[in-house]
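Sequences listed follow chains A and B, in order.
Residue 282 in this note's numbering sits at position 155 of the first sequence, with consecutive numbering throughout.
Residue 64 in this note's numbering sits at position 39 of the second sequence, with consecutive numbering throughout.
Bear in mind the hints are in silico, worked out from the structure with no lab data behind them.
Computed from a prediction, not measured in an experiment: that's the story for all the values here.
All residues carry an ideal CB built from backbone N, CA and C; glycine is no exception.
You may find that some hints are simply not true.
[Claimed, not checked] To give a feel for the contact side, a few chain A residues facing chain B, derived at Cβ under 7 Å:
#1 Gly235
#2 Gly254
#3 Ala275
[Unchecked claim] If you want the ones that stay clear, here's a sample from chain B, every Cβ over 12 Å from chain A, calculated:
#4 Val72
#5 Asn123
#6 Leu124
#7 Lys126
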Amino acid sequence: MNMSDLVFLIISAFTVASALVVVLSRNIIHSALALILTFLGVAMTFFDLDAGFLGLVQILVYAGAVSVLIIFAIMLVMKSDPKSTNPPVASRDTGFVGGLLAWLVVIGLGTAIGLSRWPSLPNAPEGYDAVADLATLLLGNYVVAFEAAAVLLLLAVVGAIILARGAEKS
Amino acid sequence: MIGLNHYLLLGTALFGIGLYGVFAKRNAIGLLMSIELMLNAVNINFVAINRFLQPGAATGQLFAIFVIVVAAAEVAVGLALIISIYRQRQSVDINDFNLMKW
């Protein structure tokens, strides 16, 4: 086992463990903090995959903005004892079905992935700049999708403000 | 030797955890967090497949960026909805959200 394998194992163990804390914790604050750790773990995975730009975007957007948004929302809606703010569902059946379904997906997909054989490709050509390529794609072939994403973000922000402020009684 | 399979397995594990959370949580914000986990799992798969099967292009990373954009929009609107419902119902328990049931 060489160094990069060890790094991958540590990162993935960290990511999966903090993701488990997110869904298993009964305290929503702990869930939110573990969610930040999961986002950072995913960002580390991106760095590990030579996608440095995406890792930075992940840290900025998820670990920075989305998590702060979630924590603010928690503070706005939490009134009771924090120890039981994120309980599992009341009916055991729903939780059981959810767990079963999740296991089925993990086992099924895991088996499929384990049986797959991928072509082994050479590494990226020398001097390949992923960020430059990303910029060329974003403002070239995919410029319409880029503009649509911009409009979507604008609409989402305006819609979020209107929803959270509440309709005016006229 | 760590290859594409291991990254895909990591994505699968994260997706399964998120799926379980969507079923097993009662707090609406907890549900949103689980959905974020699933979206992150998809992003890992995009980037891993890009890295191992198309090393000389960045299309997978581009798709991951669009997923991040949509996820950010989704979480903003979702939290605004939750706050708006909380104002009416004084609760974030999804069992109390039966406005559209009859």
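Going through the hints against the structure:
{"no.": "1", "hint": "Gly235", "verdict": "violated, 9 Å"}
{"no.": "2", "hint": "Gly254", "verdict": "violated, 11 Å"}
{"no.": "3", "hint": "Ala275", "verdict": "violated, 9 Å"}
{"no.": "4", "hint": "Val72", "verdict": "violated, 5 Å"}
{"no.": "5", "hint": "Asn123", "verdict": "holds, 14 Å"}
{"no.": "6", "hint": "Leu124", "verdict": "holds, 14 Å"}
{"no.": "7", "hint": "Lys126", "verdict": "holds, 16 Å"}
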